[in-house]
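Peer 1: Chains A and B, in that order, give the protein sequences.
Counting from 1, one number per residue, gives the positions in the first sequence under full-length UniProt numbering.
Counting from 1, one number per residue, gives the positions in the second sequence under full-length UniProt numbering.
Incorrect hints may appear among the rest.
When chains are identical, the list treats them as one kind, so a pair holds in a single copy or across two.
Said to hold, decoys possible - Only pairs whose alpha carbons sit at most 35 Å apart, straight line, appear in this in silico DSBU-like list of lysine-lysine: (1) K285 <-> K143; (2) K324 <-> K209; (3) K332 <-> K299; (4) K209 <-> K59.
These are computed hints drawn from the structure, not numbers from a lab.
Protein chains: 2
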Amino acid sequence: MDGNKKQIRLARRPVGTPTMEDFAFTEAPIGTPGEGEVLIRNVYISVDPYLRGRMEDVKSYIPPFQLNDVIVSGVIGQVVASQSAQFKKGDIVIGTLGWETYSIAHEKTIRKLDPDLAPITTHLGIIGMTGLTAYFGLLDIGKPKAGETVVVSGAAGAVGSTVGQIAKIKGARAVGIAGSEEKCRYLTETLGFDAAINYKTENVRKALKEACPDGVDVYFDNVGGEISDAVFPLLNDFARIPVCGAISAYNKTEPDVGPRVQQYLIKTSSLMQGFTVGHYSSRFKEAGAQLAAWLNEGKLKYEETITEGFDSIIDAFLDLFKGKNIGKQLVKISEFE
Amino acid sequence: MDGNKKQIRLARRPVGTPTMEDFAFTEAPIGTPGEGEVLIRNVYISVDPYLRGRMEDVKSYIPPFQLNDVIVSGVIGQVVASQSAQFKKGDIVIGTLGWETYSIAHEKTIRKLDPDLAPITTHLGIIGMTGLTAYFGLLDIGKPKAGETVVVSGAAGAVGSTVGQIAKIKGARAVGIAGSEEKCRYLTETLGFDAAINYKTENVRKALKEACPDGVDVYFDNVGGEISDAVFPLLNDFARIPVCGAISAYNKTEPDVGPRVQQYLIKTSSLMQGFTVGHYSSRFKEAGAQLAAWLNEGKLKYEETITEGFDSIIDAFLDLFKGKNIGKQLVKISEFE
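Extracted from the complex, chain A is given alone in its bound form (with noise of 0.2 Å):
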């Protein structure tokens, strides 16, 4: 196709807070798929913290951006030409895309929407990674049974506001943590959270007794940092602790120090273990379904913040770690026809 797109580079490594001047906005050809590619125009743009890891120069689950790299992530598109027996012309589809107005895929890449399974932007958020998220960390890990106690920090957040309602749904009572009193009682007047504790304005370690009386089984923890320390004197025994992002560390310049966790972990027998959804892939189908139906039977909610505009995707994205949003942080660049 003739023409250029709009694409969003990494332009140096952020130290601390990412910055506007960390990217750079550049312009590129659209160009022509070749044999088993498509041509997509990017609709839905997800923005998650943990894209943040990815631009330190550091091994981790996934390999680091390189400098002047386009940003990828989930992203929702419609086909606007077709080299692949695949797909055609007017087809939506998910992939790991770039940070751009238009992508060129592999078919093995892409995969296709069905837009009456579920709202198309779920795909990103709820029956997606976010979703997907949850789902693994709680169930595989936290493994909570009816009447225990599931706290979750980052509570409105997309993965967070997913597991306290999986809990609920295993009988478990769920615990949310969060950074506003909007947000607070969005978890339980919305989602029908037991208790959800204001972190900014509240005592921590105070409310989170108060909220647990009978201590905490499952622990999901977004955050890290001190609301992680203060749940771990609440730990009982044999408690699990899914630890799934650690937001509060990521844009940190100083080490991140804190009281060790081994004494707490001794004295309960608990158990804490680092995921990565990616890790889960063979068994994405199968949760995707469970998600899709729960959310068809009314048994979840979401919410999302969707920003719109390709210039947009910075401010957003730099948003999540101002805690800004509800739910999945979306960027809506264009529309489908």
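Using the hints, position chain B against chain A.
Peer 2: Same frame as chain A, but now just chain B:
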């Protein structure tokens, strides 16, 4: 039986490192066993780091000692009078008994030892509590595979020295961290560890990197603190960390603070799990038989540090926190007849 027995009681709760003044030497009548009970002359007393935890008034996996309680731990003794059909005078028995010269115990709380199975003292060590701790922590949580690298701290202690040897039996590389040249030589020259690091004279981070060129797959943590901090950056994907002890923290009066572990666990999908051997009691028989078999096949070696005399019990206990012992620390307070 006429006469008095000597006892050691908890006189006050230690603050920081315990001192002689935290204990009281008292006397009490030896007494006579009732129905179903036996009178035991205690011979070997086990002193163990975990007892320090029981001296604190905090909830843990075993209830704390109460002030003025006789301290109890693993003890081997000989029956001198029996009112139980299951035991006769002269039987050698093991149980959790008092730090006292004689104990009266119910038949259900003690077990007869076969002096021909293995050297008597090994029932308090390598085929007893400390060996079982190494066995379950390493095999059930650590799950070492052939060719993997197992790092163990407190490596010259009763648990650590067994962990490294079981790792070798399973075909893994064993790297020990210990506190003297003598201990390090013992690990590599006598026990067959692949490498040993003297944390008192070496830069642990640098030495670990050299000793673990392929990273760390299992870290059996006996000590916590800065030594454990140094291991986390070397974890491989899906590493396992059985958390057995945190002797570096037991006597701290200030909060035990260090780098938070969350980011390490997330980046590598690693697992960290506290445990206590008591929870595996249903499998003690199977595991003890395996340990005895390895011992008799010459695949497991052990060392004991045995001090003599009832009056040396406290010193032997305090020496544990100075890292004086190699292998199992015992006190011999009388003779078998």
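Peer 1: Of the numbered hints stated earlier in the document, which are not met by this structure?
Peer 2: The structure conflicts with no hint, since it agrees with every one listed earlier.
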